[in-house]
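Q: Using the sequences plus the hints, can you model the full thing?
These protein sequences, in sequence, are chains A and B. Counting from 2, one number per residue, gives the positions in the first sequence under the working numbering. Counting from 19, one number per residue, gives the positions in the second sequence under the working numbering.
Don't read these hints as lab results, they were simulated from the structure. These figures come from a predicted structure and were not determined experimentally. Any given hint might turn out to be false.
With a Cα cut of at most 20 Å, we get these calculated PhoX-like pairs of lysine-lysine [claimed, not checked]:
1) A:LYS288 / B:LYS182
2) A:LYS288 / A:LYS309
3) B:LYS182 / B:LYS157
4) B:LYS174 / A:LYS48
5) A:LYS309 / B:LYS182
6) B:LYS184 / A:LYS309
7) A:LYS288 / B:LYS184
8) B:LYS157 / A:LYS48
9) B:LYS182 / A:LYS48
10) B:LYS184 / B:LYS157
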Amino acid sequence: MKETLVLNMGPQHPATHGVLRLVLELEGEVILNLEPVIGYLHTGFEKEMETRTYHQNIVFPPRIEYLATFIEEQAYVLAVEKLLGITAPKRAEVIRLILAELSRIASHLVYLGTAAIDLNVTSLLMYCFRDREEILDIFEMVSGQRMMHGYFRIGGLQWDLPQGFAERVQRFLDDFPRRLDEYETLLTDNLIWRKRTEGVAVLSAEDAIRYGCTGPVLRGSGVSYDVRKAFPYGGYADYEFDVPVGSNGDAFDRYRVRMDEMRQSRRIILQALRGLPEGPILVDDRKVALPPRRELVRSMEAVIHQFKLVSEGIHPPAGEVYASVESPRGEKGYYIVSDGSNRPVRVRVRSASFNNLQALPVMLRRGTVADVVVAIASIDIVLGDVDR
Amino acid sequence: MTRPEDVLVQRLGEAVVEQVRFRDDLTLIVPREHMLRALEIAGSTGFRLLTDLTAVDRHPAQPRFDVIYMLTSVEQHARIRFMVHLAADQTMPSATSLWPGANWLEREVFDLFGIRFDGHPDLRRILMPDDWEGHPLRKDYPLVEEPVEFKGHTPKVPSEIIPKSKPKLL
Numbered sequence: 002m003k004e005t006l007v008l009n010m011g012p013q014h015p016a017t018h019g020v021l022r023l024v025l026e027l028e029g030e031v032i033l034n035l036e037p038v039i040g041y042l043h044t045g046f047e048k049e050m051e052t053r054t055y056h057q058n059i060v061f062p063p064r065i066e067y068l069a070t071f072i073e074e075q076a077y078v079l080a081v082e083k084l085l086g087i088t089a090p091k092r093a094e095v096i097r098l099i100l101a102e103l104s105r106i107a108s109h110l111v112y113l114g115t116a117a118i119d120l121n122v123t124s125l126l127m128y129c130f131r132d133r134e135e136i137l138d139i140f141e142m143v144s145g146q147r148m149m150h151g152y153f154r155i156g157g158l159q160w161d162l163p164q165g166f167a168e169r170v171q172r173f174l175d176d177f178p179r180r181l182d183e184y185e186t187l188l189t190d191n192l193i194w195r196k197r198t199e200g201v202a203v204l205s206a207e208d209a210i211r212y213g214c215t216g217p218v219l220r221g222s223g224v225s226y227d228v229r230k231a232f233p234y235g236g237y238a239d240y241e242f243d244v245p246v247g248s249n250g251d252a253f254d255r256y257r258v259r260m261d262e263m264r265q266s267r268r269i270i271l272q273a274l275r276g277l278p279e280g281p282i283l284v285d286d287r288k289v290a291l292p293p294r295r296e297l298v299r300s301m302e303a304v305i306h307q308f309k310l311v312s313e314g315i316h317p318p319a320g321e322v323y324a325s326v327e328s329p330r331g332e333k334g335y336y337i338v339s340d341g342s343n344r345p346v347r348v349r350v351r352s353a354s355f356n357n358l359q360a361l362p363v364m365l366r367r368g369t370v371a372d373v374v375v376a377i378a379s380i381d382i383v384l385g386d387v388d389r
Numbered sequence: 019m020t021r022p023e024d025v026l027v028q029r030l031g032e033a034v035v036e037q038v039r040f041r042d043d044l045t046l047i048v049p050r051e052h053m054l055r056a057l058e059i060a061g062s063t064g065f066r067l068l069t070d071l072t073a074v075d076r077h078p079a080q081p082r083f084d085v086i087y088m089l090t091s092v093e094q095h096a097r098i099r100f101m102v103h104l105a106a107d108q109t110m111p112s113a114t115s116l117w118p119g120a121n122w123l124e125r126e127v128f129d130l131f132g133i134r135f136d137g138h139p140d141l142r143r144i145l146m147p148d149d150w151e152g153h154p155l156r157k158d159y160p161l162v163e164e165p166v167e168f169k170g171h172t173p174k175v176p177s178e179i180i181p182k183s184k185p186k187l188l
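A: Set out below in structure tokens:
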């Protein structure tokens, strides 16, 4: 019998993308056993959300998953809207969709940069963060915040788009394919990148489903499941886009899927910008959304509605709903239980990273220590999302 | 065209005690002893992806817990939700034999609600520290907010700024 070594990796380790701890049992270079230990970033968001009103809770989602902030906000407000049985006006829906797709690009850029730097391609990280910064500037222009926006409202948006938004997004998107091609040249044609990712961290389609994986991890294994296509929400049914799918289920396929997804996101945004309708950005339901400011000086009723909404909040009917969106990491869902009062009884955050991380030991079965870094980068976890 | 969820309901037959449809979400309420069998049938009907497994604490109502399973059919684009009413002293059969992915989900429910799963290979805490006492998502587990350390002004704790209202009658 050979001697084995138990190696502790993390929770403070630059390649774990946050506070993830791995306990590896090694025989030489080969991994016999791997156990992810999580919970270092558990902040009790679900408990916290039970103690606030539906409207106050909007601040939590972008803090749970801090790389795709608008998608997270979209998931939460869509769940509450489903509970209320309302839909946001068309213009608000399209604006949300544009911002969500920009978030997806921003998040995939972080994946690309960090996955590359884990394999010592240092310059790519700078390029990716430069592009991401441009997206964050657009977000700041719209919401006033780079990351924790709080811009979406139940039933619409906080305010309309600023002047020059469309031109700025257009300018970014015009140049974006050229940059993406450049990055692909740096990686796809790079011998080291290919040798380190092809055939590494392989997950079969069967295993991916058995472990509840979603997003690029599942699609990289060849299963074409995208919430935007399977259960269209927020206006995605109106746009043309493809769902990129891999075939081998290795780290390289996941990389290819994400690269193609960025191109598809660009395609969706361009269509949405062209068809951005005029109109209101908040529902005209006084039990849900605040009355416009100008009504307050003339209408007593508007003042009462304003007071009730601010001091009590909205009262959705009793019931339970599950609404999910396609986040850059997979299916992100909010399961909300209401008893008819102004606070949810339970908010369950279905996070994609949690399930995807669970498949890590399967990906690394009989792998080597050096592959651990590649595998973690390829599932693109956000520890805030894992631990909530 | 018959929808996959209708096929499933038909196949489950007597095992479904009640069907609840709210905002297009279909919830099937199944007694505890039939749950594992129902999940197996659902899995073979095409609902192969265990999207989520979670619980709700209805304290002080009885039975206290609801355990919820959300399944998705990846091919047919359908969803189904199972719900089991569970008394405080009851345990659930583990679904890890059907989905290895249920492992962490059940550990999380055990950690945060204290519901035990029979037949789980490794039922330990997952998010909270190993030596933690109590189960944070239970309704009788208090949410303690950090006290403010300066004098002269007692701010309200954030969760009390807007108090919980009574359910409105619609």
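Q: Given the hint that LYS288 (chain A) pairs with LYS182 (chain B), does the C-alpha gap stay at or below 20 Å?
A: 17 Å, holds
Q: Measure nothing beyond the straight line between the CA atoms of LYS288 (chain A) and LYS309 (chain A); if it is 20 Å or shorter, mark the hint as holding.
A: 9 Å, holds
Q: Can you confirm whether the C-alpha distance between LYS174 (chain B) and LYS48 (chain A) stays at or below 20 Å?
A: Measuring from Cα to Cα gives roughly 18 Å; hence the hint holds.
Q: Between the alpha carbons of LYS288 (chain A) and LYS184 (chain B), is the straight-line distance 20 Å or under?
A: 16 Å, holds
Q: When you check the alpha-carbon spacing of LYS309 (chain A) and LYS182 (chain B), does it fall within 20 Å?
A: Answer holds: LYS309 (chain A) to LYS182 (chain B) is near 13 Å, not above 20 Å.
Q: Has the given pair, LYS184 (chain B) with LYS309 (chain A), been kept, meaning a C-alpha gap of at most 20 Å?
A: 14 Å, holds
Q: Has the given pair, LYS182 (chain B) with LYS157 (chain B), been kept, meaning a C-alpha gap of at most 20 Å?
A: 14 Å, holds
Q: Are the Cα atoms of LYS184 (chain B) and LYS157 (chain B) separated by 20 Å or less?
A: 17 Å, holds
Q: Regarding the pair LYS182 (chain B) and LYS48 (chain A), is the alpha-carbon distance no greater than 20 Å?
A: 15 Å, holds
Q: Keeping to a limit of 20 Å between CA atoms, is the pair of LYS157 (chain B) and LYS48 (chain A) held or broken?
A: 9 Å, holds
Of the numbered hints given earlier, the model fails none.
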